[in-house]
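These are the residues of each chain, in order.
4 protein chains.
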Amino acid sequence: MAAKLKTAVLGASGYSGLELTRLLERHPRLERPILMRRENGDGTKDLAEIFPELSGNGGYQLRPLSWTELKSQGVQLLFLATPHEASRALVPEAIAQGLRVIDLSGAWRLKQERHSAIYSFEDADAITASELTDQAVYGLPELHTDQIASAQLVANPGCYATSVILALAPLLRARVIDLDRGIISDSKSGVSGAGKSPSPHTHFVSVADNLSAYSLFTHRHVGEMVEQLGLSDSELTFTPHLLPIPRGILSTIYVRLNRPMTAREVESCLREFYSGKTWVRVFPTPKLPQVHYSLHTNYCDLGFCLAEDGQRLILVSCIDNLLKGAAGQAVQNMNVMYGWDEREGLH
Amino acid sequence: MAAKLKTAVLGASGYSGLELTRLLERHPRLERPILMRRENGDGTKDLAEIFPELSGNGGYQLRPLSWTELKSQGVQLLFLATPHEASRALVPEAIAQGLRVIDLSGAWRLKQERHSAIYSFEDADAITASELTDQAVYGLPELHTDQIASAQLVANPGCYATSVILALAPLLRARVIDLDRGIISDSKSGVSGAGKSPSPHTHFVSVADNLSAYSLFTHRHVGEMVEQLGLSDSELTFTPHLLPIPRGILSTIYVRLNRPMTAREVESCLREFYSGKTWVRVFPTPKLPQVHYSLHTNYCDLGFCLAEDGQRLILVSCIDNLLKGAAGQAVQNMNVMYGWDEREGLH
Amino acid sequence: MAAKLKTAVLGASGYSGLELTRLLERHPRLERPILMRRENGDGTKDLAEIFPELSGNGGYQLRPLSWTELKSQGVQLLFLATPHEASRALVPEAIAQGLRVIDLSGAWRLKQERHSAIYSFEDADAITASELTDQAVYGLPELHTDQIASAQLVANPGCYATSVILALAPLLRARVIDLDRGIISDSKSGVSGAGKSPSPHTHFVSVADNLSAYSLFTHRHVGEMVEQLGLSDSELTFTPHLLPIPRGILSTIYVRLNRPMTAREVESCLREFYSGKTWVRVFPTPKLPQVHYSLHTNYCDLGFCLAEDGQRLILVSCIDNLLKGAAGQAVQNMNVMYGWDEREGLH
Amino acid sequence: MAAKLKTAVLGASGYSGLELTRLLERHPRLERPILMRRENGDGTKDLAEIFPELSGNGGYQLRPLSWTELKSQGVQLLFLATPHEASRALVPEAIAQGLRVIDLSGAWRLKQERHSAIYSFEDADAITASELTDQAVYGLPELHTDQIASAQLVANPGCYATSVILALAPLLRARVIDLDRGIISDSKSGVSGAGKSPSPHTHFVSVADNLSAYSLFTHRHVGEMVEQLGLSDSELTFTPHLLPIPRGILSTIYVRLNRPMTAREVESCLREFYSGKTWVRVFPTPKLPQVHYSLHTNYCDLGFCLAEDGQRLILVSCIDNLLKGAAGQAVQNMNVMYGWDEREGLH
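So the sequences go chain by chain: A, B, C and D. With the first letter of the first sequence counted as 1, position 132 gets the number 132 in our numbering; the numbers rise by one all the way through. With the first letter of the second sequence counted as 1, position 297 gets the number 297 in our numbering; the numbers rise by one all the way through. With the first letter of the third sequence counted as 1, position 223 gets the number 223 in our numbering; the numbers rise by one all the way through. With the first letter of the fourth sequence counted as 1, position 267 gets the number 267 in our numbering; the numbers rise by one all the way through.
Chain A on its own, in the form it takes in the complex:
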């Protein structure tokens, strides 16, 4: 077998970062990843301090970020699980150092113009940032395999965006959706999607036995969805909700077909689009995915139900927000970037 790849993770102390670290650790093509922390991060020195479940495996030391060390250790691929401001600031240097980068934040997912509008944030070096934005590949392997394979900078998609784009892409590609009627995604996410920082909104007593809608018409992930799906802003209405569960996303998506179809045709459309794609499972109607089914896996599960009129169509899309919605997808992207089987390290 070939020499193992050297990787590093910056930001392992968040939920996605932890999940990523665990996946990388047991990936058969990799050496044990180097874990690094930002100077102004949360000060964690060993991951097991904040995730005691990690104890007993020789420690998970977080070293201060050092480009010199990355180079001397022979690291070729850097994962960033940092806030988008940090990613925006660090990626230019990483690329300049010759590293390939998979960034899990929203920093590089959008075209420059939309990015500026959504993430009100100034780049230190606007020209480089703009060039990198052009270069960055949106890391949804089911849509962009070839570009990811050769990318130096991969922008790992948002969790909600993954669940919505994968459900809609086949039907939009087939041009069977009546866009004048608009598309609605009513999405529900577990709390890990809101991050690990304590806040009144993530307090157990606020979340348990509750459900709430938030960021109506204004959630940042809408930008990714419309860009990737080629929609105008007003063609997609997206409403996220906070579920009293630790992890998992279910999106219930409402579209109107521009001509009556049969359930068989809809199913074929989905199946053909994802033929040969390991990580999307299409459920035969009337079976629908539930959050449980894809939990702790890298699957995106898709199901649907068609009204008797053959035109009102409801899609149901489920993922684990920390896996297919973050760390699992990052590993899948790595597999594509290095020409490995997409399943490696993800069973």
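No lab work stands behind these hints: they were computed from the structure. What you are looking at is a predicted structure, and each value in this text was computed from that prediction instead of being measured. All C-beta atoms, glycine included, are put in the ideal place defined by N, C-alpha and C. Do not rely on the hints blindly, as some may be mistaken.
As the list claims (entries may be wrong) - Each computed DSS-like pair below joins lysine-lysine, with the alpha-carbon atoms no more than 25 Å apart:
1) C:K196 x A:K196
2) C:K196 x B:K196
3) D:K45 x B:K196
4) D:K287 x A:K196
Unchecked claim - Part of the chain C face toward chain A, derived, beta carbon under 7 Å:
5) V191
6) V205
7) A208
8) P246
Claimed, not checked - Anything over 12 Å on all C-beta distances counts as not near chain C; from chain D, calculated:
9) T145
10) R256
11) W340
Based on these hints, arrange chains B, C and D on the given structure of chain A.
Same frame as chain A, but now just chains B, C and D:
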């Protein structure tokens, strides 16, 4: 003060029946309700057997149903918290006995024709059943106060139906919704809405950490919604979901206005419609209701968010499915039927 | 009916404070309570800002604390739902102003010496503080009715302490416990017991699907327990656990009897002790209380199971930590202080 | 690499059986396991019918149990995840067929005499059953490695028993516990421990927001604990509780040492006992395990806290009841039986 009303409850051993019993017990206008059980019910003899939380208040004996006893005890109002088949079979006799009836099941909510289509069920005496169906008043006091006041048979609305109808009635009355675009209600309910019978679907391990959609395009409550709102079947798409919480409903409702409106206009429309109605709270935009806020109350909480285009409108409607969605609404109906303040016994 | 009592609450923005506010609002003997906030509190100006469920009842304005205003409004009884440092600092002035005080914190529950050891905190005026400590009555009405009736300062018990003391008091009074063997209380509490401040320990993702033990041998409530029960420190081992539920406490308590007894004798011992006490329910063996049964009530539910040897005894004690463990008990104490029925305002 | 082992599973449709199937499937030393169902089982024909999360991996067909087929397929090891009555009836034939057996039920864990007392059940062939009972090895690899290695019939331990025995074995072996004082294990388990059959006790609404104690002094697992630990029945008090979580066990165990010890000594005692044992993690005091840490792993996590007197000791022991408490331990036993590394297939 006038003599207290005598009431009886049949079916107190379900979730709604228990909640109803508790409300009736402390209602200032009532004597302690008589609790009865059907011969082919679950055999419970004292409610405290299955709800030990009731112990210590003199017992909650369930006597076998007896019309003679109801008459001799001077009972005037009978609550049925029974399955719809049982309600359909028992109400004719109750009405013949001169009782007023509030039925919490789906037995009398729909016009005869739709009823036959949705509840595939034959009546023993089809003529009487059909006449009673005509007589029955849909017990949503915010819409039908006067009819409820004089009704002999009140059909207490379904829980989902309550949350959806109350959100949409004002805008439909104002004729500002573009019906050609269709209305979508993506609704989510706690598990008590599924009843107390154990099943694989209500097993803790199936529900916890999960979310699932069910009965797409086929849920029975759609019948009530379209009838009460004057919609055609295809104008309303309703998708229920099972939430990992014991109680509470949140409906996220998507409509398109037939002309651009301001948030202020939308809010006025809602506020004016519910002016003087105690049990509907309209939240000022951008504040949205959450399941928590109406839990353990009889409130229906309404909020909304309008897109920048002034036409895409999202309504959020929350109720406690066991109160405004069942037992609380039944008590509110009783208050209307006897000319009492709608708030009595519901604080 | 006599004129209604005027009361005020300081600290209504915490979980216990909110629950207390709700109870006081509908208490038939009271005017609507005045809500006040500390200068260095959390800045809330209207309770409905942080508890939107309160909206629609005329507002819950929090005014800055002012002794002048309390006096001019004719307030006679002040409830403090503040951190213990704040209570310790404010009570001397409140008493000097002639107010009666019910304090929900740990500030006045312990004898001076133990207090200094457990709450490492210096009083501004040590002499006054020490005198008030002597005067303060431990507000467990089942044990100290007469003293509470005439108290000026009532120290409302801790939630864990309430569940443990009420379970053990009858058997200790009857001198049937073998103290040489030690008493163990393995207690489990919902998250509201940890307060409303967000922290990593109360984050939904940390608590859900989890259980953890904490403060082994060192929890502050042990002080109250041993003082009230007349035990030495080493005779009681108390272990609290954090449950993934919003509210409720269950204590499983292990004792050894100093002679074999029958279950009937044990039950009699409990029943006689609590004869005439509304708010303690003794369950007939083998029925045991569960957290559910006392939730949203002011009951302390007690049950037990005796080993075949007649000496190993397990007591199970349940309360709602925000009611019998905090706000409900405070109202019960008020009822005793003013000679009202202990049930008033607590159904 | 040697030829892969052929295994079969009977009873894959329960929670433990599903978990076991998943583990066996990706175990590097095994061929894909054959799944079989009993004639009077639940009729499932493909596991994916009841566990749709399994879809997309070529199916999980359950064939009718057939000794002929097991033989012709070359199966050498049979896992039984069946009710204890079924295991008791089937094992004699399996052994007669020359199969090695790992049984996950309680059928073969106890000495004959105790078994008859606890499981009131008559064997068809009492002599064979009694002989097999003598032969059966209690499958706790940390205690009985050598016997398991050569066993034909391994009785996989109960979940509660695993958590309690592993915590106590080191200290009992070291004879430092004062047995006259008695040992108490207050244990709490997630709902999957109660099995997959729907019942009022496992209904979501009964479990959520609740906690209850059950089977006081009478739980079947006590038999295993006292036998394995060499205790008399009265020396161990065991109280199980039902937690509102899907999986995980935490046992809080109270012992008194027969002489004052230091925390260091206690830790050494635990560490030495488990030196070289992969699947037990000893936490350095004052760090304590939580349910979360061992979830979805095969670890048993042990921690402790010692009172200042050096004699009152509290042990905290956590496992995932479906892994170290059932399926994971079964795989660990298989690893020992075939001389493989205990970690194989369990990362």
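To see whether the hints hold, each was checked on the structure:
1. With a CA separation close to 17 Å, the supplied pair K196 (chain C) and K196 (chain A) stays within the 25 Å bound.
2. Proposed proximity of K196 (chain C) and K196 (chain B) is contradicted: the alpha carbons are some 33 Å apart, above 25 Å.
3. Straight-line distance between C-alpha atoms of K45 (chain D) and K196 (chain B) comes to about 29 Å, which puts the hinted pair past the 25 Å bound.
4. For the suggested pair K287 (chain D) and K196 (chain A), the alpha carbons sit about 21 Å apart, so the restraint of at most 25 Å is met.
5. Restraint check, V191 (chain C) versus chain A: the minimum CB separation of about 4 Å is within 7 Å; hint holds.
6. With a cut of 7 Å, the hint placing V205 (chain C) at the interface with chain A holds, because the nearest CB-to-CB distance is about 5 Å.
7. Interface hint at A208 (chain C): satisfied, since its Cβ lies 5 Å from the closest Cβ of chain A, which is below the 7 Å cut-off.
8. For P246 (chain C), the suggested interface contact is upheld, since its CB lies about 5 Å from the closest CB of chain A, less than 7 Å.
9. Once the 12 Å rule is applied to beta carbons, T145 (chain D) is consistent with being away from chain C; the minimum gap is 30 Å.
10. A cut-off of 12 Å between C-beta atoms contradicts the statement that R256 (chain D) is not in contact with chain C; the least separation is 7 Å.
11. Listed as outside the interface, W340 (chain D) is consistent with that label: its C-beta sits roughly 31 Å from the nearest C-beta of chain C, beyond the 12 Å cut-off.
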